[in-house]
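**Student:** Here the sequence shown is numbered in the working numbering, starting from 1 and rising by one per residue.
Read the hints as simulated data drawn from the structure, not as lab findings.
Quantities reported herein were computed from a predicted structural model and do not represent experimental measurements.
Where hints are given, some of them may not hold.
Distance condition first, Cα-Cα at most 20 Å in a straight line; then the derived EDC-like pairs of lysine to aspartate or glutamate [said to hold, decoys possible]: (1) Lys75 <-> Asp41; (2) Lys54 <-> Asp41; (3) Lys54 <-> Glu32; (4) Lys75 <-> Asp57; (5) Lys81 <-> Glu68.
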Amino acid sequence: MIRSELIQKIAEENPHLYQRDVERIVNTVFEEVTGAMARGDRVELRGFGAFSVKKRDARVGRNPRTGETVTVEEKHVPFFKTGKLLRDRLNGKEE
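With the hints as extra help, turn the sequences into a complete structure.
**Tutor:** What follows is the structure, given as structure tokens:
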């Protein structure tokens, strides 16, 4: 599912809301999650999962084509850990 499909689905299920308002709400949620992660904060959505940022230390890597060693700089990467309800639902253990 892509963002526009999510907006369309929410708008269909909530006919009392204008589509532009649904779009604004969805965009605000994504902006807040992105902003929190950019600050290094953890974002938890109960039952769904938690978004966080993990730091990867600098290291020496290898170019797979040439075998030459290269230095890989330190970087921060997004990380998502599923919540118990989502994990159970994916594994067919619905309550």
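**Student:** Would you mind confirming whether the straight-line C-alpha gap from Lys75 to Asp57 stays at or under 20 Å?
**Tutor:** Holds: Lys75 and Asp57 sit about 7 Å apart, inside 20 Å.
**Student:** Holds or violated: are the alpha carbons of Lys75 and Asp41 at most 20 Å from each other?
**Tutor:** Judged against 20 Å, a Cα distance of about 16 Å means the pair holds.
**Student:** With a cut-off of 20 Å on the C-alpha distance, tell me whether Lys54 and Glu32 pass.
**Tutor:** holds, 18 Å
**Student:** Do the alpha carbons of Lys81 and Glu68 lie within 20 Å of each other, as the hint requires?
**Tutor:** Status violated; Cα separation ~34 Å.
**Student:** Within a Cα-Cα threshold of 20 Å, do Lys54 and Asp41 meet the stated pairing?
**Tutor:** holds, 11 Å
Against the hints set out earlier in the document, a violation occurs for number 5 only.
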